[in-house]
Amino acid sequence: MPNIFITDQCDRGCKFCFAKVGPWSESYPRRALTFAELQEILEVKSSQPKQVMGVVGGEPLSYPQLIEAVNLMREKRIFAKIFTSGSCALADGLEKLKEQGPFNFIVNIDSIDSYTPERRKNLERFLRTFGPMVSLSCTIVDPERDLSFLLDYIRDYGLMRYIRMGVALPIAGLAENEYIRRERYRDAGLRFLELAKKAAADNVSIGCDCGFVACMFEISEIGWLMHKGMKMQFVCGPAMDIGPELEVWHCFPLSRMPRVSLRKYKSLEEARQALQSMADQLREKYGPGIFTRCRECRYRKRGQCSGGCLGLIVPEQALSEVKPKIGSSVSQGDPSCPISC
Amino acid sequence: MSVWEMKMKKYKVASKVSWKEMDGLIIVVNTESGAYYSLNKTASEIWKQIAAGNSEQEVSKAVGEKYDVSEAEVQPDLESCLKNWLEEKLIVAPD
Amino acid sequence: MPNLMLTNRCNFNCSYCFGQDQMPPAVSPLDMTRETFVQLIDWTLRDSSNGIMVHLMGGEPTLHEDFVWMAKHALERKCELKVFSNLASKHAPEYAEELKDAPIRWVVNVNPPESRTKDQDSNLKKCLQVLGLKATLTFNMVPEPVAQEWLIDLICEHNLARDIKVGFVLPTLSHKNEHLEKKDYPKVAHRVVDFARRCESFDIKLTYECGVPWCAFTPEQMGELWHLNSTFFSSCNSVLDVTPDGRVIYCLPLATFRSPHFTKFQSYPEAKGWFEAVLMPYRPLGSTSQCFKCTFMKITESACRGGCMARVLHGAQNVGLGDENEKV
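Chains as they are written, first to last, in our numbering: chain A, 1 to 341; chain B, 342 to 436; chain C, 437 to 764.
Calculated directly from the structure, the hints in this document are not laboratory data.
Glycine included, C-beta positions come from ideal geometry on N, C-alpha and C.
Don't take each hint at face value.
Label-pair restraints from in silico Cβ distances [as the list claims (entries may be wrong)]:
#1 C/E580 to A/S267: 31 to 39 Å
#2 B/K430 to A/T116: 44 to 52 Å
#3 B/K353 to A/I112: 38 to 46 Å
#4 C/D555 to B/A376: 52 to 60 Å
#5 B/K407 to A/E99: 26 to 34 Å
#6 C/E580 to A/K197: 33 to 41 Å
#7 B/G394 to A/E269: 53 to 61 Å
#8 A/K98 to C/G709: 17 to 25 Å
#9 A/T116 to C/G751: 38 to 46 Å
#10 B/K430 to A/R145: 46 to 54 Å
#11 C/D555 to B/N381: 55 to 63 Å
#12 A/E99 to B/E399: 20 to 28 Å
#13 B/D364 to C/E580: 37 to 45 Å
Computed list of chain A residues with no C-beta within reach of chain C, every gap over 10 Å [what the hints assert, rightly or not]:
#14 N3
#15 R30
#16 A36
#17 G54
#18 P117
#19 K121
#20 V141
#21 E183
#22 R184
#23 G223
#24 M226
#25 P244
#26 S277
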C-alpha cells in the first residue's frame, strides 16, 4: 500500500518516530503536499485491483484541506487509510469527514502514559466520533510493556477489530530515534503473542507491520497465530512513501536512500521496482539479514522472511552508494545533512 | 378474535429470512438486514414447527411431546419467541 | 478478472467434479460463441484499473474449436491469461505447441495416472513437455487416500512449476458430486501435511483451493505447513465464472444459485460486488456447526469466512435463488 506523505507537521514528538528525520535536505525541504501535487499523485496508475493508499505524516489531521483530499480520493475510487494519533484537537468540520466515506483511520496509540489530560480527552473524543471507522496501530518500543489497553479501547469505543502491530525501527545510519535492539526481538515476539491470545478471546485480529522476523516466534506459535487468523508476515518491501514533488522513498527507515521521481515512471509498480532494486543491493552487500544466522536461514532463502529491517544493518555512507536498476530518474538526497526536528 | 382462533393461527417465516439446522440448533439470518440469530434448543424446536406451517396449538403440542412437558409449560416460551420474532420481522402473522 | 467458461463439455467424467450441475448431462452441451467471447473481453476491460487478468476454463476448454483463436484474441487485447485445462484432449498437444511461447499460465488439473487412457496420458505428457515452467499442477483431495508421488514425478520429469494447488473436493449446491464431508477433514488435513513434507524435499510447495475451513487444520499443522513453505490459506472469495451463454455465477458449485446475465452489470467489479452483497447475509450460517460461534470467522473477511458457500447454503431453507429468468 503506497503512502501519501501529506504533511510534515506533527505535535506529538514520539521518541521512536522515524519520520522526523526523513529525506529532507536543502534541495528537498520539508513541507506539506500542495493540493495540485495530491491530484497528480492520485492520477498515477496503479495495477492493484483495489486501490488503497495510506495518508501519513506528520499528523494528517493538521492538513488544512484534509476533507477535500478524502473527497478527491473517494472520487478516484481510492480507499484512504489515514494514519493519525487521533489526539490533536479536531479542526472544525472534521466530523464532516464521516459523511465523505468510505475511508478509515488508523490511530497510532503509543506512549499513552505520556499523554496530557487534554490529549487523552482529544483522543477519546476522536474515538467516540469515528469509532467503527477506526482501527488501532501500536509500535512495540519496550517489550516489557503490557499492550492489553488496546483491547480496552476497541471494546469501549466500538472500534474495528484489528490492530496493526509494528516494532520500533531505526532510521538507517542515524541514532535519532528509539528502536528495539535485535537482542530484544524474541521478547517483542512474546509480547505480540501475549496480546494475540487476549485479542483472539475478544474477537480481535492483530497483524504484523514490516520489521518482524520469523525467529521472533517458534513454529508452533506461528501455527497458532495463523490458525487464529492473525496476519503474520515477515517479508519486507518498499512502503512507497510519496512526498512533495512526487518523490518517493522506500520507507522511513531507509528514507535517506536515494528517492525516485514518480513523474519519471509509468506506474507506481515501476517506481516500486526501482526502490526494491536499491534495497536489494543494500541487502546483498550488508545483509542478508539482521542476524548472522540469516545467511543460512531456510525461511529467508525461500522468501518467507526477509531477514528484518535494513535500517538495523546498513551504515550511513552506504545509502548514497545505490542506484535504481530499472530505467529511472533519481533525485539525490543529502544523507550527510541531517535535519533535526 | 377468540382465544381458540388465536391458537389456530399459523405464522409464516418472512420471505427474506433463511435458516439452517446444524447439530439440532437453528441459525436464522435476515438476508435483508444482515442480522443473524442462534436459537437455543427449545426455540429451535418451536421454529421448526412454525416453519412447517403448524398452528400455535400444534406447536405447543409438538414441543410439549418432544420434551415431555405439558402444553401449558411450553406456552410462555412459545409466546416469548413469537413476540420476539415478530418484532425482529423474522416471521409474519397470518392475515 | 472473470473465469470464462468456453464450453461446458468435458473429456473426463470426474466423480468429484463440482461443475456437474452446469455440464452435460445435467444441461445441454454448449460452447461460447466468438461474439460472446469478444463482448466478455470488452466487458472485462471496461474497468482496466482492476488488472486485466482473464481465465479460460470449461468443462475442458481445449475441446472448443476456437480455443486458440480466443486465447490469441485475449492476448491481443493485452489480457494476462490463465488457462485451466486437463491437457488430455486430442487437440491439446497441438494447441500447447502453438501457444507455447505466449505469456499464458497453464493450470493443469490432474487425476491419478490410472484414471487416464493411454491416449489421454500421452496427450498430457506431450503438453507438459512443451509447456514446462508455465504449467502448474492442481489436484483434488478425495475422501479416500490415493498415492500422490506421481505428481512429484510429473513435475520433475517435465520441469514444471514447483508448486501444486491442492483442492478439497467441494460439494455442489445439490451435493450430488463426490465431495468431502466435514468428518473427512481431519484425515485429509493429515494427508496434506504428509504430502507437503514429501514435496518439501523437492522444493515443491503447496497452495490451496478455495472453500476449506481453517479449522480443518490444527494449529500445529498450520505451523508445520508454514515451516514447509506450504503455508495454508483458503478463503471463499471467488473469481466469478461466466457460462458459455454469458451468465455470471459465483462459482461452479453455486451454478444453480443465482446466474444473471453479464449484461446486467456495467463491469466485472460491479458483478463481483453484487454477488458478495447477495451472499454476505448467508455467510454467518457457516459450513460447520462451529462456524457461528467461531471468533475467528468473525475477525477477518479475508480469511476463513466459514468455508465453501455451497456447503453453507446446502440445507439452508428459504434461500433466495433468484427468479426464473436468472437461472442457468
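Verification of the hints:
no., hint, in the structure
1, C/E580 to A/S267: 31 to 39 Å, "violated, 49 Å"
2, B/K430 to A/T116: 44 to 52 Å, "holds, 49 Å"
3, B/K353 to A/I112: 38 to 46 Å, "violated, 54 Å"
4, C/D555 to B/A376: 52 to 60 Å, "holds, 56 Å"
5, B/K407 to A/E99: 26 to 34 Å, "violated, 52 Å"
6, C/E580 to A/K197: 33 to 41 Å, "holds, 38 Å"
7, B/G394 to A/E269: 53 to 61 Å, "holds, 59 Å"
8, A/K98 to C/G709: 17 to 25 Å, "holds, 22 Å"
9, A/T116 to C/G751: 38 to 46 Å, "violated, 57 Å"
10, B/K430 to A/R145: 46 to 54 Å, "holds, 48 Å"
11, C/D555 to B/N381: 55 to 63 Å, "holds, 60 Å"
12, A/E99 to B/E399: 20 to 28 Å, "violated, 51 Å"
13, B/D364 to C/E580: 37 to 45 Å, "violated, 26 Å"
14, N3, "holds, 19 Å"
15, R30, "holds, 32 Å"
16, A36, "holds, 22 Å"
17, G54, "holds, 18 Å"
18, P117, "holds, 34 Å"
19, K121, "holds, 31 Å"
20, V141, "holds, 26 Å"
21, E183, "holds, 24 Å"
22, R184, "holds, 23 Å"
23, G223, "violated, 2 Å"
24, M226, "violated, 5 Å"
25, P244, "holds, 25 Å"
26, S277, "holds, 23 Å"
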